[in-house]
Each structure stands twice: as C-alpha cells, then as structure tokens.
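First residue of the sequence shown: 1, per full-length UniProt numbering; consecutive thereafter.
These are computed hints drawn from the structure, not numbers from a lab. Treat the hints with caution; some may be incorrect.
The calculated lysine to aspartate or glutamate pairs, modelled on EDC-like cross-linking and capped at a C-alpha distance of 20 Å, are [as the list claims (entries may be wrong)]:
id, residue 1, residue 2
1, Lys-78, Glu-337
2, Lys-85, Glu-68
3, Lys-85, Glu-71
4, Lys-310, Glu-321
5, Lys-78, Asp-382
6, Lys-349, Glu-321
7, Lys-273, Glu-200
8, Lys-80, Asp-368
9, Lys-85, Asp-126
10, Lys-310, Glu-60
11, Lys-349, Glu-373
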Amino acid sequence: MKAHIKFRNRVKAFFSPLSGLDEFLEALTAGGRSSSGMSVNEATAMSVSAFFSAVRVITESIASLPLELYERLPEGGKRKDEGTKLYHLLHTQPNSWQTSFEFREMLTYHIIMRGNGYAYLSRGRDGRIYELIPMHPDNVTVRQDDTYRLHYTFQSKRGSVALEQGEVLHLRGLSLNGYTGVSLLTWAREVLGGALGQQEHGNRLWKNGANPGVVLRHPKTLSDIAYERLKTDWEDKYAGARNAAKTVILEEGMEIERLSMTSEDAQYIESRKFTRSEIAGITRVPPHMIGDLDRATFSNIEHQDLAFVKHTLRPWLVRWEQALSRDVIRAPRRFAEFNVDGLARGDLKSRYESYAIGRNWGWLSVNDIRARENMNPIEDGDEYLRPLNMQPVGDEVPKALQEKQSGEKSDGA
Numbered sequence: 001m002k003a004h005i006k007f008r009n010r011v012k013a014f015f016s017p018l019s020g021l022d023e024f025l026e027a028l029t030a031g032g033r034s035s036s037g038m039s040v041n042e043a044t045a046m047s048v049s050a051f052f053s054a055v056r057v058i059t060e061s062i063a064s065l066p067l068e069l070y071e072r073l074p075e076g077g078k079r080k081d082e083g084t085k086l087y088h089l090l091h092t093q094p095n096s097w098q099t100s101f102e103f104r105e106m107l108t109y110h111i112i113m114r115g116n117g118y119a120y121l122s123r124g125r126d127g128r129i130y131e132l133i134p135m136h137p138d139n140v141t142v143r144q145d146d147t148y149r150l151h152y153t154f155q156s157k158r159g160s161v162a163l164e165q166g167e168v169l170h171l172r173g174l175s176l177n178g179y180t181g182v183s184l185l186t187w188a189r190e191v192l193g194g195a196l197g198q199q200e201h202g203n204r205l206w207k208n209g210a211n212p213g214v215v216l217r218h219p220k221t222l223s224d225i226a227y228e229r230l231k232t233d234w235e236d237k238y239a240g241a242r243n244a245a246k247t248v249i250l251e252e253g254m255e256i257e258r259l260s261m262t263s264e265d266a267q268y269i270e271s272r273k274f275t276r277s278e279i280a281g282i283t284r285v286p287p288h289m290i291g292d293l294d295r296a297t298f299s300n301i302e303h304q305d306l307a308f309v310k311h312t313l314r315p316w317l318v319r320w321e322q323a324l325s326r327d328v329i330r331a332p333r334r335f336a337e338f339n340v341d342g343l344a345r346g347d348l349k350s351r352y353e354s355y356a357i358g359r360n361w362g363w364l365s366v367n368d369i370r371a372r373e374n375m376n377p378i379e380d381g382d383e384y385l386r387p388l389n390m391q392p393v394g395d396e397v398p399k400a401l402q403e404k405q406s407g408e409k410s411d412g413a
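Please model the complete structure; the sequences and the hints are all you need to start from.
In structure tokens form, the structure reads like this:
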C-alpha cells in the first residue's frame with residue numbers, strides 16, 4: 001500500500017505546473033492585437049467586465065450542477081452508481097486538493113480561454129482511476145497519427161512525458177481539425193478589442209474629469225520653461241475626476257476656454273451597451289446575467305433563465321458528459337449526467353400545477369414529486385393513480401369502475 005501511495009505521489013509531482021510566476025505571466029499575456037490596436041489576451045479580456053461576468057456565469061453554473069454516475073438497467077430506466085470510486089471522483093473530489101466544483105470550473109475555463117481542457121487519468125496497479133489530475137493546456141501538445149489515434153505530450157518542470165489517448169480526459173471547444181479546440185478569444189478578438197478601446201477611452205475621459213480638455217490663453221508668449229511649469233501645475237491641481245469641482249484661479253490676465261464634448265464622447269455609454277450585448281451574443285449568456293437590465297422584465301426573466309439552460313448550458317453539459325463517457329467511464333451501461341432540474345424548474349405556482357397534472361394523470365407518484373422538490377420519500381408514496389375514465393383499448397373494465405356503473409344502474413331502476 002505504501003509503495004502504491006509513493007507511486008501516486010511521484011505521478012502528481014511529475015504533473016505539477018511547468019514553472020513559476022514568470023512563465024505563468026508570459027502565458028497569461030500572450031495574445032494578438034485587434035484592428036482597434038488593443039492587445040487581446042487572457043489578462044486583458046478578463047478586464048472587460050461583461051466578458052468576465054459571462055465567463056463566470058458559464059464556469060460556475062457548470063461547476064455547481066450535481067454530476068451523477070448512472071447505470072442503465074436491463075429492463076429500462078437507470079439507477080445511481082453511488083458505491084464506486086469513480087462516482088466519488090466525478091461527484092465529490094477528483095483529486096486530493098480539488099473539489100468537483102473547482103475541477104470542473106477550472107477545466108471549463110481552460111476550454112473557453114485555450115480551446116481545450118485536459119486531465120491526466122492517474123491509475124493504480126489494478127488499472128482503476130484513482131485521481132483526475134488537471135494539466136494546463138499551454139503545457140500539452142496533441143498529435144494525431146495515420147490511424148487517427150491521439151498522442152499527447154505534457155511538458156513539466158521535470159521534463160516531458162508521452163501520454164496515450166486512454167490516459168487523458170480531453171474536453172474540446174469548437175474545433176477546426178477535429179481533435180483540438182480553438183480559444184474563444186480567437187473568435188471574439190475584434191469585439192473584445194473594441195471593448196478594451198472603449199474602456200481606455202472612458203478612463204481617459206474620467207482622468208480629465210469627464211471633460212475632453214481646456215485651452216488656457218495667456219496674453220504673453222511663454223518661454224518653454226514657463227509653459228511646462230504652467231502645464232504641470234494645471235494638471236496637478238485641476239485634471240482628473242477628483243479635481244473636477246475645484247475652483248480655478250487664473251493669473252496674469254489668463255483666460256480659459258472649455259472644449260465641447262464630441263458626439264463620439266456623448267455616445268460612449270450607448271457604445272458600451274452595444275458591446276455588452278455583442279459579448280452576450282458571443283458567449284450565449286442572457287444580457288441580464290452580465291449586468292444589462294435594459295430589456296429585462298419580471299415577465300421575461302424566467303423565460304431567459306430557461307433559455308440559458310437550454311441554449312447555453314446544455315451544449316456545454318453534453319460536451320462534458322460525452323467526453324467523460326469516452327475517456328473516463330468507457331462502459332456501455334454506465335454514463336455520467338448533470339442534474340439540471342433545479343435550474344430548469346419554473347416558479348412555485350407553475351411547478352405545483354405541473355405536479356398536479358402528472359399526479360392526476362398517473363405518471364407521477366407522491367415520492368416522485370417530493371424527490372423533485374428535494375424532500376424525503378414517505379411511506380406508501382410510490383403508488384400511481386389511474387383515472388377511471390381512461391382505459392387502454394381492449395382491456396377489461398376495472399373492478400372499481402364496474403361497481404360504480406352497477407350502482408348507477410341500480411339507482412336508475
């Protein structure tokens with residue numbers, strides 16, 4: 001047992017990050033310039049509040065959903081496979097230092113920012129998976145051979161290691177070649193570059209007290225030294241938002257002329273709103289989830305939330321589920337599935353009305369309903385109702401209905 005633990009510790013040490021802070025910062029700031037002239041990389045993109053919010057909404061939503069392991073039953077249906085090590089890895093803790101939430105949040109973030117999310121499948125001598133160890137995408141290269149098998153190379157501070165397809169959990173974003181994904185930053189570079197340009201423009205406005213500037217007129221011609229002294233003194237005392245309300249004192253017959261704000265400056269807020277809407281469209285996150293409440297109402301918020309589950313989260317969840325089935329589970333009768341019932345539920349009144357329909361028409365039991373409301377089952381709560389006025393064609397009339405019909409005939413006689 002001790003030898004096995006030592007072996008696993010050596011594996012974790014080998015798959016530690018490539019290096020220290022310098023390499024991390026280099027990877028963080030690597031990127032290309034947009035046509036606006038702004039450099040778009042991970043650090044600058046995440047400084048755009050709307051994009052930062054959208055990334056958090058996606059990563060935290062996926063990470064917070066319960067991830068269950070199921071077994072398909074021969075007669076149909078499914079049951080949770082809770083008593084296995086694999087269930088614990090997927091549902092609770094994939095490795096010794098991360099929770100399932102942290103692991104899924106991290107890999108989803110990697111897919112968005114790098115196009116790919118990787119984890120090494122650390123196996124014991126018995127061949128079973130004991131840990132899922134995340135690998136930073138910048139340290140992984142992928143090659144596809146002539147038989148379409150994938151081969152991975154992970155570069156760590158201890159050297160490189162070759163990994164085969166069965167040793168890696170690989171989650172891909174939108175792909176051009178079929179085996180590696182492309183970063184969202186690649187597709188959104190121009191939109192994010194425009195957002196960064198707007199952000200820089202707005203910051204310059206606030207630096208000048210939301211005023212594009214002033215012209216100081218002096219009756220005499222100033223020397224270079226006097227000019228620089230006056231310019232520096234003015235900027236120190238009156239420039240910036242914190243100095244906007246100060247009283248200006250002019251000397252030696254000087255006059256001040258304020259420059260009017262341009263139409264582009266006046267439309268700054270509108271342009272920021274438009275960019276926020278574009279970011280919402282690129283990430284498929286409803287605008288109200290990233291702070292745009294202009295068109296949000298109490299009547300449409302719920303429908304937008306349901307659309308978020310259907311059109312935004314569902315593709316991500318299917319991506320996760322199928323990758324886990326292919327790389328980790330690899331058993332035809334077992335599968336992983338996210339539970340989205342909590343997110344897809346409507347308001348209390350709508351839920352209770354739907355429960356009443358399901359209960360009265362016989363396809364929901366009391367315990368089915370209680371389970372959906374996160375309540376414990378009750379005794380005799382697994383019985384299903386059968387409406388007396390509904391009967392499959394060719395079946396005999398139920399005894400209760402026969403007695404009811406006999407009683408009605410007796411009363412009529």
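The hints, checked one at a time:
This hinted pair checks out: Lys-78 and Glu-337 have alpha carbons roughly 11 Å apart, not beyond 20 Å. Proximity of Lys-85 to Glu-68 is assessed by CA-CA distance (about 12 Å); at most 20 Å being required, the pair is judged to hold. For the proposed pair Lys-85 and Glu-71, the alpha carbon gap of about 14 Å is at most 20 Å, so the pair holds. Note on Lys-310 and Glu-321: the hinted pairing holds, with a Cα-Cα distance of about 15 Å set against a maximum of 20 Å.
At roughly 17 Å between alpha-carbon atoms, Lys-78 and Asp-382 fall within 20 Å of each other, so this suggested pair holds. Taking the CA atoms of Lys-349 and Glu-321, the gap is about 32 Å. The hint is violated against a cut of 20 Å. For the proposed pair Lys-273 and Glu-200, the alpha carbon gap of about 15 Å is at most 20 Å, so the pair holds. Between Lys-80 and Asp-368, the direct Cα distance comes to roughly 15 Å. Compliance with the 20 Å bound is thereby established for this hinted pair.
Using a Cα cut-off of 20 Å, the hinted pair Lys-85 and Asp-126 holds, with the two alpha carbons roughly 13 Å apart. For the suggested pair Lys-310 and Glu-60, the alpha carbons sit about 16 Å apart, so the restraint of at most 20 Å is met. Using a Cα cut-off of 20 Å, the hinted pair Lys-349 and Glu-373 holds, with the two alpha carbons roughly 13 Å apart.
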